[in-house]
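Visitor: Residue-level listing of the chains:
There are 2 protein chains.
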Amino acid sequence: MQNKHMLMIPGPTPVPERVLLAMAKHPIGHRSSDFSKVIGELTENLKWLHQTESDVLMLTVSGTGAMEAGIINFLSPGDRVLAADNGKFGERWVKLCKAFGLNVEVISSEWGKPLKKEDFQEKLEADKEKTIKAVIMTHSETSTGVINDLESISKIVKDHGEALLIVDAVTSLGATNVPVDKWGIDVVASGSQKGYMIPPGMGFVSVSKKAWKAYETAKIPRFYLDLGKYKKETDKNSSPYTTPVNLMYGLQAALQMMKEEGLEAIFERHQRLTQGTREAMKAMGLPLFGPDHCASPAVTAVAPTMDAEKLRSTLRKKFDIAVAGGQDHLKGQIFRIGHLGFVCERDLLTVIAALEATLLDLGYEGLNPGAGVAAAAKVFN
Amino acid sequence: MQNKHMLMIPGPTPVPERVLLAMAKHPIGHRSSDFSKVIGELTENLKWLHQTESDVLMLTVSGTGAMEAGIINFLSPGDRVLAADNGKFGERWVKLCKAFGLNVEVISSEWGKPLKKEDFQEKLEADKEKTIKAVIMTHSETSTGVINDLESISKIVKDHGEALLIVDAVTSLGATNVPVDKWGIDVVASGSQKGYMIPPGMGFVSVSKKAWKAYETAKIPRFYLDLGKYKKETDKNSSPYTTPVNLMYGLQAALQMMKEEGLEAIFERHQRLTQGTREAMKAMGLPLFGPDHCASPAVTAVAPTMDAEKLRSTLRKKFDIAVAGGQDHLKGQIFRIGHLGFVCERDLLTVIAALEATLLDLGYEGLNPGAGVAAAAKVFN
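Keeping their order, the protein sequence lines are chains A and B. Be aware that the first sequence starts at 1, since it is given in UniProt numbering, and climbs by one per residue. Be aware that the second sequence starts at 1, since it is given in UniProt numbering, and climbs by one per residue.
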């Protein structure tokens, strides 16, 4: 059957009908007093989501645009920075730093393994002259399903005292606890098509007071992504450039839904979905790609003992469920189940049941039919 | 009566229900084969709209982001460029050039007056050494309702031979003839919330072969807006970063509607709307801000002999019609009626009738009640 599609990738994530219908309203002027109220409400609720008293700014960009804004506003060419790479998006941070002439030292772990806090500690403690201007990292690495220990690393950066902490929280924000002020994260970049439960098209950047101080002397040229302009206008419930009015209607509805559910409940739900998915994979005899202790709350990567692309396309053909494939050298080796945003236990039971049926059909070796659903149900109950 | 809003500003423009409903669909994966087909169709239709055989690239940005992409991909710090300023958006070009370290010479006309082609001719003919790398200008100046003579200026730039022609066609594309290849425009920046009839959130940049040649040596740092990456992926019906899936569903519907209407019919409609609006203002005794011979097809600026903001807010309160105000020093002096995109003759008759009623209520001196509607009707019939 066609047109009964089920989207289970780590972004775009499923969008609630309440959000879709909000987006289907006729736009109004982005400089009208009515829309000014919308900007004010969004700004307040974004601060709530980021657990910050400082600024959260809205940009018309994808997540990568938000990442770029997080770099070019606070650094100058030649600045020494540490950038962490343990997956596709960590790699993107490194490329971004190089594109803007930063003096980048890469801290890396193998894809599928978490970053080691000792690597940060070593570099930062050795930096007696305080020449390291920023530590740049990914929180939840979407490409591998690994979450890095941001809390511990943030403490090490705080001990250094000088370096800014710049974080890609694209698939952690709205899925797990990211208390921006408490952990002292200076810049957090995120995108709309993830925990926010709205379609792609918006990026968000939170900025600490310390980061604003760095902004004053940062010399990388910028115009469209100059966050100082966004702050000035956001403080007046306005925007420097035309805003994506309809996506913002959607964001308004989505943030209202998130507030109704509550941060704690959202985080617990994602935790439950993650654990249920992982227990199901183990029970079915499907090897997990990364270890449990650093499991992303957004996406679970699975490394079957068969061509992952064949499994993925069969699941798509038989049941019209989209899960993500592996990126770059992981293509064919892993598939990834998204459980981020507007996703509930029923969705995961569905995916696990369909995956079991697909594996049965493909004659997957070592499959224990029914075991996956049973294991997930045990976690969910 | 509330919630019967009528949007008559030069962007965001009214969005057809067909587009709104297309946008309200559940998103699918931006890397799926189904979405790849959408990208392919959009690219074809964007080329049709731009009347080009070269590339038209889609970005997740506002119009200003598209303008920035049009600069940073083709120029290097210190490059000598001519930038034209006869309004808010021309001024933005100048600011953009300065932000990226270009050696900018400004060609200006008073706000409300068109650019003089002789000013370009003089500079370009004097440049025997061919040191001018680009001529940068706005086609339809949204802030004043003036359209610049792009066709004549494009010929002068072509005679120079070296300089790229970089154009903001944000409120001319899809409203009047902009034959990109025929006129030899190297870079055209535009935004979704204008002639495209979709909400804000996307920017478009067309790139000529000559501009791609300049791209190879251009040295302004870039990453998110690096158009080379967009071309590479667009050629494979893909995208370098996550695309705004739902806005693109809307764009798909909007471009289909435009093709059904036909370019000639679209341009004639905008021409009719412009003329009808202008004749109505004259008949009502409302002075036009710019002369007829350079009237923008997107927006008509009117300079009443009373506080334009008071007139605007009364029209809003009495009839829930939004027209735009003046920007910067023109605030209070002019108001602007948008007649761009999904706008028909009936809409203009409505606005003119409501404006007459408002002026009557305000005791506007010299008003000739009924004359505006009659004059517009004469043009429309």
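Since the hints were derived computationally from the structure, they do not count as laboratory data. Any given hint could turn out to be false.
Which copy? The list can't say, so a pair holds if one copy fits it or any two copies do.
Pairs of lysine to any residue, SDA-like flavour, derived with a Cα cap of 20 Å [what the hints assert, rightly or not]: (1) 219 - 100; (2) 88 - 294; (3) 232 - 327; (4) 4 - 31; (5) 37 - 161; (6) 37 - 313; (7) 236 - 327; (8) 158 - 374; (9) 219 - 76; (10) 116 - 363; (11) 182 - 219; (12) 210 - 345; (13) 88 - 126; (14) 209 - 226; (15) 378 - 350; (16) 98 - 218; (17) 98 - 219; (18) 310 - 32; (19) 236 - 6; (20) 231 - 314; (21) 259 - 38; (22) 4 - 26; (23) 4 - 106; (24) 128 - 36; (25) 219 - 78.
Visitor: Would you mind marking each hint as holding or not holding in the structure?
Guide: Verification of the hints:
no. : hint      : in the structure
1   : 219 - 100 : both (10 Å within a copy, 11 Å between copies)
2   : 88 - 294  : within (17 Å within a copy, 51 Å between copies)
3   : 232 - 327 : between (39 Å within a copy, 18 Å between copies)
4   : 4 - 31    : between (39 Å within a copy, 18 Å between copies)
5   : 37 - 161  : neither (38 Å within a copy, 50 Å between copies)
6   : 37 - 313  : between (45 Å within a copy, 18 Å between copies)
7   : 236 - 327 : between (42 Å within a copy, 17 Å between copies)
8   : 158 - 374 : neither (44 Å within a copy, 72 Å between copies)
9   : 219 - 76  : both (5 Å within a copy, 16 Å between copies)
10  : 116 - 363 : neither (39 Å within a copy, 75 Å between copies)
11  : 182 - 219 : neither (29 Å within a copy, 40 Å between copies)
12  : 210 - 345 : neither (40 Å within a copy, 54 Å between copies)
13  : 88 - 126  : neither (28 Å within a copy, 51 Å between copies)
14  : 209 - 226 : within (16 Å within a copy, 30 Å between copies)
15  : 378 - 350 : within (15 Å within a copy, 63 Å between copies)
16  : 98 - 218  : both (16 Å within a copy, 16 Å between copies)
17  : 98 - 219  : both (15 Å within a copy, 14 Å between copies)
18  : 310 - 32  : between (51 Å within a copy, 15 Å between copies)
19  : 236 - 6   : neither (40 Å within a copy, 25 Å between copies)
20  : 231 - 314 : neither (48 Å within a copy, 31 Å between copies)
21  : 259 - 38  : within (16 Å within a copy, 35 Å between copies)
22  : 4 - 26    : between (27 Å within a copy, 10 Å between copies)
23  : 4 - 106   : neither (44 Å within a copy, 56 Å between copies)
24  : 128 - 36  : neither (47 Å within a copy, 51 Å between copies)
25  : 219 - 78  : both (10 Å within a copy, 16 Å between copies)
Checked against the numbered hints given earlier, this structure breaks hints 5, 8, 10, 11, 12, 13, 19, 20, 23 and 24; the rest are met.
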